[in-house]
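Heads up: the protein sequence lines correspond to chains A and B, in order. The first sequence: position 22 = 22 (the UniProt record's numbering), numbered continuously. The second sequence: position 105 = 105 (the UniProt record's numbering), numbered continuously.
Treat the hints as calculated values from the structure; they're not laboratory data. From a predicted model like this one, the values you see are computed outputs, not experimental measurements. Backbone N, C-alpha and C define an ideal beta-carbon position, used for all residues, glycine too.
Derived EDC-like pairs: lysine to aspartate or glutamate, alpha-carbon spacing no greater than 20 Å straight-line:
(1) LYS6/A / ASP127/A
(2) LYS104/B / GLU167/A
(3) LYS121/A / GLU3/A
(4) LYS104/B / ASP163/A
(5) LYS121/A / GLU11/A
Pairwise CB distance ranges (calculated):
(6) LEU20/B / PRO180/A: 23 to 31 Å
(7) MET19/A / SER85/B: 14 to 22 Å
(8) PRO180/A / ALA64/B: 25 to 33 Å
(9) ALA16/B / LEU42/A: 18 to 26 Å
Partial pick of chain B residues on the chain A-facing surface, computed with a CB cut under 10 Å:
(10) TRP8
(11) LEU42
(12) PRO56
(13) ASP57
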Amino acid sequence: MNESFKRGAREGFRLMLPMSVGLIPWAIVTGVAMRSSGLSALESMGMNLIVFAGTAQLGTLPLIASGAPLWLIVLTALVLNLRFVIFSAAIAPAFHGQSWSRRIASSYLLVDGVFILCSEKLFNSDDPQWRWGFYLAPALWCWFVWQLGGLAGVLGAGVIPKDWSLEFMTTIALTVMLVPMAQLRTMMVAALVGGLGAVALRGLPLKLGVIAGIALGIAAGFAADWHDRRGQA
Amino acid sequence: MIEGVWLWITFGLIAAATILPRGSFILLGEGTRLPPALQRALRYAPAAALSALIVPDLLLDAGAFDPLNPKLVAGLVVIVAAARSRNPWLPFIAGMGVLLLLRKGLGW
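Based on the sequences and whatever the hints tell you, model everything.
Pasting the structure below:
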């Protein structure tokens, strides 16, 4: 461990510390949501460790609970994670020349908060050691907070009576993620069409309504975006 | 409910569906670029997907369309709380509070 790695790690950690407090409610809620969807404590923590992605975990829980086909669950997770392709493209140059194992670890640890914090500041230095420290320390800290908060939720969920409709926490958590996105008009169009489309098409076989709704929503958002751009030109 | 070995296989596949998008450009190297039109379209995927999971839960009751139900009222309260407040706990407390009040308190 050399000096510039430690310096990067310290700087990254100091920036992440206040932001990571916001992760705690998410982690606890995800823990509670997994237990109230019917997963055991062991299965919940297994999911938390293996998947390590709040949105994908919360989004697939209703499908797991209703016994949806595997391909539909995977496809839904994939769509919920598509934003990471954009994050990955933006952050990739910072890992130029790093070993394969470090790149895999970086991929597993790339969550929204880490991207928001690190994506631009990572390029403040050309030193690969500093960059690795500046990414790894906050990313590992987020991982730790997420697992600990998740564990608190998983263990705490058992205390609350079953008939308290706790599974609704999943829908609340997804809504809280959606609201800030939908402040943008084109995002609102994508959300409205996606949501109402999924309701209208719920009769489709194999629970295809969700995926069809998502596809319609993306298309509508893209069309609104295109319309706005043409209006400006 | 998916159970036993299949549940763990499901977790593994969801994990793959997570690490592949996250790792896409980090693992392939930065030589490749996304076409701008595709990049713009991808920005709408999370909003469309979240909504496609939320709205059916708020508007459907046991698979049937039911626009007047306690979950929709609670959902609207959550939207207002999330839009107006910076407190990360408030949407959960307000949403669960309204749902429990309507279901348990009023028997709706």
